[in-house]
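*Asks:* Could you use the hints to bring the two separately framed chains together as a complex?
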Amino acid sequence: MCVLQGENVTSRAFDETYGFGPYPGGAGAGPLFGADGQGPAVRPPYAEVERWLKSAPPDLLETRRRQAELFFRRIGITFAVYGDPDASERLIPFDIIPRVLAGSEWARMEEGLKQRVQALNMFLADVYGPRDCIRAGIVPEELILLNPQYCLPQVGRRPAKDVWVQIAGIDMVRTGPDEFFVLEDNARTPSGVSYMLENREVMLRLVPELIHAVSMAGGLRPVETYPEKLLETLTSVAPNNCNGEPCLALLTPGIHNSAYYEHSFLADKLGVELVEGSDLFVHGDILYMRTTEGPKRVDVLYRRVDDDFLDPLIFRADSVLGVPGLVNAVHAGNLTITNALGTGIADDKAIYSYMPDIIRFFTGRDPILHNVPTWRCREPEALSYVLDNLAELVVKETDGSGGYGMLVGPHATEAQRQEFAARLRANPQHYIAQPTLALSTCPTLTASGVAPRHVDLRPFVLTGANGSQIVPGGLTRVALKEGSLVVNSSQGGGTKDTWVVDIPGDEG
Amino acid sequence: MLSRSASNLYWMGRYLERADFLCRLIDATVRLASLPASHGGAAPAWESAIQSAAVAEAFHERNLPVDEANVGHFLTLDPENLSSIRRCLEAARNNGRAVRTSLTLETWEAVNDAWHEIQRFGSGMPDSSTLVRLVDSIKNSLLMFDGAAHRTQLREATYWFLRLGTTVERADNTARLLDVKYHLLLPRSEPVGGSLDYFQWTTLLRTVSALTAYRWVYRESVKPWLVADLLIFNRAMPRSLIACLEDAVWLLDQLAATRGRRGPANRIAATSLRALAGSDIDRLFQSGLHEFLERFIIENNRLGDAIAEQYLF
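Here the protein sequences come in this chain order: A and B. Residue numbers for the first sequence follow this note's numbering, beginning at 1 and rising by one. Residue numbers for the second sequence follow this note's numbering, beginning at 1 and rising by one.
Among the hints, a few may not be true.
[To be verified] Taking beta-carbon pairs under 7 Å as the criterion, some of the chain B residues facing chain A (in silico):
1. Arg97
2. Ala98
3. Arg259
These are calculated hints, taken from the structure and not from any lab test. Cβ atoms here follow ideal geometry from the backbone N, Cα and C, with glycine treated the same way.
Looking at chain B on its own, in the form it has when it is part of the complex (with noise of 0.2 Å):
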């Protein structure tokens, strides 16, 4: 496969799955902040939507307010933030459209299809209702576009590459997104525990639509560290960063295996997976939970240079 393929397939990948992200991180925040000002208020909420996206400081260029108008604009529609869910779309369709012909008609159909639904929201400021259904309709797209690349496209060199990068970007959000909301949603006065915790965490299992999921594993009500738990060391949970990893290690030997070589990211991938077995949410909590997502972190990074390099995008 030409390398140039290889990496649009990988980056149109990792557009869908941010935009995914984003639509999840929207439509949680859309919850949280209409709880009572006592549970936090609005502004936190939208504060923490940005961090978790890692675009707040971009956004705080512009000295805008920070609610839900103006943060749910910059995040869905605003053709000037290159990563609002409009540019994701954008962005995955013009890899999509490089290579085309790697794409079966399904596939293809349902990121153009995506892209087009964006566009009818056009770009000015959504209203609630319009933020909304605008997170609805694109994250049915997104699924139209998961079931489509499913049941489609082969099992080979195209479908691994588009794979590999919704694990590594899924990794990265998972990642981002229990590291903000450690540090940000937790008021020192608040005992753990307490009411405004339950809403912090509830939040982020929405995030990665794994409240249900919680309940199934766990059976008992929201603890922070079990909800670190179900999103950093469930092989079950599709979005925890066991299971990306795993998916990347796969997903790399599948290559390797095609092309009779490994190299560096297959060793890093497994390198990474390795150490996260080796350990558990308790050693984490002692070591700093902080710190080992600022690694895990920086590491996904690494490997997602490596791939790069590996494969000469």
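So that you can see chain A by itself, here it is in the shape it has in the complex (with noise of 0.2 Å):
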């Protein structure tokens, strides 16, 4: 969960808001252009995009908006909100206006994913092997060996080709022209890849005329190529065991799962089977799965069950979404599962603010995408600081989630900031705090018209045996309420196609 804060954001020029001009009004105040169409120029990347804005009438975007909304609710592309019965299928806000970003800006943001995430699996082949990161100081030895995301049962084993995460998510925010922040990395089960692709089926449906002018300008990059990469990325990490063409299968918790959607959506796309852990045995520390022809060996597993819930035998003994044996299986080099076992070490709050170090020892370069400064409470100097500094800050609980345990200084009441700062005197090794952000906006169809609503981005990162490929694209989250910075979908959140163009003059 991403809160940051939003002040001064009409103040500065952030490089997608500035894109329609500075706003005339406060925070978040529209339109994006004056009655005259006057203002100043948008940047070459949404040229296309002004234009189509500025011709199209009033009620053709609403009616646009209206079909995607149809689109989505006919193919079942939703969302389960968990304990919310009424809303159990629930479809997420789609903006039609996309959110655009340059081949240069791409390029750069590309380098820096891919750098991020060889360091990423470089990190855990160290921590489960020789730890030369521990011994070198750059990460405390507590904070893997204690951490309870160090998954014990991994250490000392290696996944086929060296390949921990084969799958990655890494949430990105934008402050400036050439300011990239990585918020968080996914290492485990990163979802919404499925929206990346929906979201882009659906404008070459609606707005073929911007699509059309927007190639003619340059070309938009295509996302549609992901599943093929998916595919050739699982079957190049198949199991040294594995003789002849891997069988792959997808594991989902099941049709109650809020992603199960986008875990049938793939499994589609990949022509793989969509197995649940009741479809698959272990024999001989083999994987079966349950076929009409009899048992068939599986020898990649892409699971979107987390690591706790996959074998009983292991972690959770009441876990009926994994299969017995499923570990002993990936040990005896018969089944390679992705991500592999344990990489929930690196997408650690309490790693994170370790990820430049992190970068620099094992790349041996500085980091290209920033992180946003963190103050670890363990440490009495950036204690001192972060006590002194509660109002502007925003403190979180290194094994917290989904925005609990949190306080989000400038929100805070003064009793509210009192009652954590005893918290955090009590137990400072589990808080960390990072400053407010000002996040980019990007133009959004609102109710009242064009109007800047706060993104985010998550890219996917794929890696196989040959390295790593990214589709240029992503998935844009966008807080639909004014000002506001929360872009989860469970809180009123919508997405938007994020669009790679080509242009002229670009150096991409």
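*Replies:* Next up, the structure:
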């Protein structure tokens, strides 16, 4: 969950916001261009979007938006909201104005993402292997060894081709033309890629005139190759004991999981079986699925089930989502599971702040993408800074998630801050603090016309035996409420199609 | 194919067929119950409906009067009745969701739409006109499903398992319907061929959409033994027992061909079909129609079990 402070949003010329010129009014005040259509020139990536928005009658946009919604409902692209029976199948709102990145902006981001994922993989190989980074003092020993995410059964093991994180989703925000920050690494079972693909499908159907114009001006890079690249990635990490063409399957927790649509969508696109734990069994350290033609051996399992539930013999004994003996099949070299076991240590909040050092240590180069500056309250100097500046900071628990147990300083009352400070003093090693960032905004269709809304971006990095690849795009999430910085779909966030465009004169 | 997927498809077929049967049963019963009391009256008509739907015990546990309002609600919208149309559509849709990728967009949309359609009617007591509208509308939704599946699904295991469920459920429904009507709808005091019989047997024909078919086949007034002949022995009649068995044999053959191996289910279906083909309605009446139907229902269940076992559901 990302909650960031949006003060000074209007006074700073953010990249995507100044695409349409500075806003005339206060925070989030629209419209993006004056009644006369005059204003500062937009940056080149947004030129066609601006032309389209200016020429399209307002009700056309609304019609297209409704058509998009109908499309999503018909194909059943819904997500489940836990604990809300009425909304058990809800649509994520879709905004038809694309978020556009120039080829050159993307190139830099791509390079940074590959570097980061390479470092994550090397870090995992190290912490479950020689632990050089601990010995070199890059990361404190206890943060690794005492971390609940550190997966003991994985110690001393190496996955096929030494690839740990085959599929990564890196959450990014932008605060300026060249200022990309990584908010969070998702190295376990990142979701959202089906939206990247379906959003593009919808755009191709609904705004062909805009896509045509963008193509004529230079080109819109396709994302539709993702399933093929994913298949290539999964096939490339087949286990050592696999002879011939590997058999792949996608493991889902089942139809009640919030991301079930995505699981079935991906299985369909990949042309592999969508399996549940009960469809699988392990015999002689080999994983099989039960088919109408008898047991069929599985070589690579793309699992969308967390470590804890994967194998009741090793992890949670009460899990019915996994398969007894699965981990043995992996360790016997008969099965690859993606992502590998134990990758949670790499995207842990406590580790996040060490990422710049981790990247330098393993790749020998400076990080290309920024980390949000993070004060580790376990360090006395940091703690005293945090206590002195609580009103400007966001404080999070290192092992918390979903926004629980956190303090958003600028939004909290004095009493809340006092109370939190006491907790912080009592247990500093459980907390980190970050400054509030001013997120960029993108033009978004709202009830009162086109207006700026805050966005983030999750590109998906695929890593196989032959290195990393990234389709040019990702999932852009947008906070639909005016001024809001919360992009989570469970809290009123929506999505946008993400375009990487080639434009003349751009050094892409 | 995953065994679970085969099971999902098979059960989706069964639940949709059951929902369709319930629609037709209600439709026919509303008509029968509307006749003057001298023709039998409403209560026996609705009693026979719950018998035919094999839910009499569950219904009577509630100690409610047997009438259109209570039985109509129980069979259609009642969320507590596991065999209500609502629950059948819900189960069919859940099975469909679990094999979403095996279904074409059209087939999925049809089952999804049928479920949304029943949701529209809420879960309270439907009044008479709502009951009729509901039944009509769901029947249409299910026709859409059949059409979508027929027109768009690849002719392979997915489709065959779906159809196999339909066939096994249909045979069960027809056999139960015949058995219930044969016993319950024929008061001993009524002379055979009287006006009461006529309505009872035409109701039965309506339930399986076969009244017109009867006239085309026999070209004479409705007689109980000919009704039985049509619903048991007529191969052209899609809901007859013999047509269901022929379908089952054919579908199991298709599955065996892709798998290269036959199993107990193939043998049971083929044996039942041979036995039925070698008999006729006169012989059946001599040895007892009721006994025959009971045996048929048991054999049909055995076929269902054998399918599950053979394909590792």
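*Asks:* Need the list of violated hint numbers for this structure, in ascending order.
*Replies:* Hint check: nothing fails, all pass.
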